[in-house]
Amino acid sequence: SAVISQKPSRDICQRGTSLTIQCQVDSQVTMMFWYRQQPGQSLTLIATANQGSEATYESGFVIDKFPISRPNLTFSTLTVSNMSPEDSSIYLCSVPSGGQTQYFGPGTRLLVL
Amino acid sequence: GENVEQHPSTLSVQEGDSAVIKCTYSDSASNYFPWYKQELGKRPQLIIDIRSNVGEKKDQRIAVTLNKTAKHFSLHITETQPEDSAVYFCAASIQKDSSYKLIFGSGTRLLVRP
Numbered sequence: 001s002a003v004i005s006q007k008p009s010r011d012i013c014q015r016g017t018s019l020t021i022q023c024q025v026d027s028q029v030t031m032m033f034w035y036r037q038q039p040g041q042s043l044t045l046i047a048t049a050n051q052g053s054e055a056t057y058e059s060g061f062v063i064d065k066f067p068i069s070r071p072n073l074t075f076s077t078l079t080v081s082n083m084s085p086e087d088s089s090i091y092l093c094s095v096p097s098g099g100q101t102q103y104f105g106p107g108t109r110l111l112v113l
Numbered sequence: 114g115e116n117v118e119q120h121p122s123t124l125s126v127q128e129g130d131s132a133v134i135k136c137t138y139s140d141s142a143s144n145y146f147p148w149y150k151q152e153l154g155k156r157p158q159l160i161i162d163i164r165s166n167v168g169e170k171k172d173q174r175i176a177v178t179l180n181k182t183a184k185h186f187s188l189h190i191t192e193t194q195p196e197d198s199a200v201y202f203c204a205a206s207i208q209k210d211s212s213y214k215l216i217f218g219s220g221t222r223l224l225v226r227p
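Heads up: the protein sequence lines correspond to chains V and D, in order. According to the working numbering, the stretch in the first sequence is residues 1 to 113, in order. According to the working numbering, the stretch in the second sequence is residues 114 to 227, in order.
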């Protein structure tokens with residue numbers, strides 16, 4: 001499976017600010033996925049990021065709040081904009097391998113005060 | 114709509130006993146069903162998966178069964194050990210245009226008592 005890294009691993013932010021999370025993969029992948037995992041909850045897909053095109057957002061998530069970049073086949077960023085305490089979550093990127101199998105990055109633990 | 118239901122939400126078993134977690138999916142076109150294990154503070158780890166052309170798959174103490182007609186799939190862990198304690202998530206794939214996505218169940222917190 002691919003080696004996936006995320007930065008930062010954790011952060012504490014003030015409400016109203018923005019945080020950009022980076023996801024780096026050691027191999028080229030066509031799709032990268034961004035998930036949110038609220039405390040004690042399951043994984044919810046935010047958006048699918050394809051290189052060279054706009055990200056596809058799931059219901060309930062909008063580009064103004066969660067802008068995504070995908071400059072190349074090994075890297076993506078997710079920005080959490082104008083944060084509120086409700087944005088406190090773990091944010092995970094994942095990449096496909098061997099078809100529909102997905103492997104997850106280590107996650108970014110975000111606390112918004 | 115797109116939905117995966119998972120039961121039970123918590124499961125406590127004695128070490129050595131078996132554990133079974135069940136999921137139901139809504140999209141009859143789903144054809145891929147992975148299971149993930151998430152230990153506290155860690156990322157979800159793929160432990161086993163099954164595709165729709167297979168009814169059962171085993172990997173040592175772990176097995177997954179799939180009933181396409183009923184849209185059910187289950188995770189079976191035999192001879193449970195304390196290190197099996199974690200949260201387990203099932204998921205089902207949904208085709209979307211030329212892409213796909215995974216819909217996750219709500220999770221099962223498994224506790225294996227020594």
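Any given hint might turn out to be false.
[As the list claims (entries may be wrong)] Subject to a maximum C-alpha distance of 27 Å in a straight line, what follows is the list of computed DSSO-like cross-link-like pairs (lysine-lysine):
1) Lys150/D to Lys7/V
2) Lys7/V to Lys65/V
3) Lys7/V to Lys155/D
4) Lys181/D to Lys214/D
5) Lys184/D to Lys150/D
6) Lys209/D to Lys184/D
7) Lys7/V to Lys184/D
8) Lys135/D to Lys171/D
9) Lys214/D to Lys170/D
10) Lys184/D to Lys171/D
11) Lys170/D to Lys65/V
12) Lys181/D to Lys155/D
13) Lys65/V to Lys155/D
14) Lys214/D to Lys155/D
15) Lys171/D to Lys181/D
16) Lys135/D to Lys209/D
17) Lys65/V to Lys214/D
18) Lys135/D to Lys155/D
[Claimed, not checked] Just some of the chain V residues that point at chain D, by a computed CB distance under 8 Å:
19) Gln28
20) Leu43
21) Leu45
22) Tyr57
23) Asn82
24) Gln100
25) Thr101
26) Tyr103
27) Gly105
28) Gly107
29) Leu110
Since the hints were made in silico from the structure, they are not lab data. C-beta atoms are modelled at their ideal positions from N, C-alpha and C, and glycine is treated no differently.
Here is what the structure says about each hint:
1. For the given pair, lysine 150/D sits about 22 Å from lysine 7/V by alpha-carbon distance, which is consistent with the 27 Å threshold.
2. Distance hint between lysine 7/V and lysine 65/V is fulfilled; the C-alpha atoms sit about 19 Å from each other, no more than 27 Å.
3. At most 27 Å may separate the alpha-carbon atoms for a hinted pair to count; lysine 7/V and lysine 155/D meet this at roughly 15 Å.
4. With a C-alpha separation of about 19 Å, the suggested pair lysine 181/D and lysine 214/D falls inside the 27 Å cut-off, and the hint holds.
5. As the CA atoms of lysine 184/D and lysine 150/D are separated by approximately 22 Å, the hinted pair is consistent with the 27 Å bound.
6. Pair hint lysine 209/D plus lysine 184/D holds up; C-alpha atoms about 19 Å apart against a cutoff of 27 Å.
7. For the given pair, lysine 7/V sits about 38 Å from lysine 184/D by alpha-carbon distance, which is inconsistent with the 27 Å threshold.
8. Taking the CA atoms of lysine 135/D and lysine 171/D, the gap is about 16 Å. The hint holds against a cut of 27 Å.
9. For the given pair, lysine 214/D sits about 22 Å from lysine 170/D by alpha-carbon distance, which is consistent with the 27 Å threshold.
10. A threshold of 27 Å between alpha carbons decides the hint, and for lysine 184/D with lysine 171/D the separation of about 19 Å falls inside it, so the pair holds.
11. At roughly 41 Å between alpha-carbon atoms, lysine 170/D and lysine 65/V are farther apart than 27 Å, so this suggested pair is violated.
12. A threshold of 27 Å between alpha carbons decides the hint, and for lysine 181/D with lysine 155/D the separation of about 31 Å lies outside it, so the pair is violated.
13. With a C-alpha separation of about 26 Å, the suggested pairing of lysine 65/V with lysine 155/D holds against the 27 Å cut-off.
14. Between lysine 214/D and lysine 155/D, the direct Cα distance comes to roughly 22 Å. Compliance with the 27 Å bound is thereby established for this hinted pair.
15. Restraint check: the Cα-Cα separation between lysine 171/D and lysine 181/D comes to about 18 Å, which is no more than 27 Å; the hinted pair holds.
16. This hinted pair checks out: lysine 135/D and lysine 209/D have alpha carbons roughly 25 Å apart, not beyond 27 Å.
17. About 21 Å separates the Cα atoms of lysine 65/V and lysine 214/D, which keeps this hinted pair within 27 Å; it holds.
18. Taking the CA atoms of lysine 135/D and lysine 155/D, the gap is about 23 Å. The hint holds against a cut of 27 Å.
19. Below 8 Å, beta-carbon pairs count as interface contacts, and glutamine 28/V has none with chain D, the closest being about 17 Å; its hint is therefore violated.
20. Interface restraint check for leucine 43/V: the shortest CB-CB distance to chain D comes to about 5 Å, inside 8 Å, so the restraint holds.
21. Given the 8 Å rule on beta carbons, the hint for leucine 45/V holds: about 6 Å separates it from the nearest Cβ of chain D.
22. A cut of 8 Å between beta carbons decides the hint on tyrosine 57/V: the least distance to chain D is about 11 Å, and the hint is violated.
23. For the restraint placing asparagine 82/V at the interface with chain D, the shortest Cβ-Cβ distance is roughly 26 Å, beyond the 8 Å limit, so the hint is violated.
24. Below 8 Å, beta-carbon pairs count as interface contacts, and glutamine 100/V has one with chain D at about 4 Å; its hint therefore holds.
25. Here the hint on threonine 101/V is kept, as its CB sits about 6 Å from the closest CB of chain D, short of 8 Å.
26. A least Cβ separation of about 7 Å between tyrosine 103/V and chain D falls short of the 8 Å threshold, and the interface hint therefore holds.
27. Below 8 Å, beta-carbon pairs count as interface contacts, and glycine 105/V has one with chain D at about 7 Å; its hint therefore holds.
28. Among the interface hints, the one on glycine 107/V holds; its C-beta lies about 6 Å from the nearest C-beta in chain D, closer than the 8 Å criterion.
29. Taking 8 Å as the C-beta cut-off, the interface hint given for leucine 110/V is violated, the closest approach to chain D being about 14 Å.
In the structure shown, a violation is registered for the earlier hints numbered 7, 11, 12, 19, 22, 23 and 29, in ascending order.
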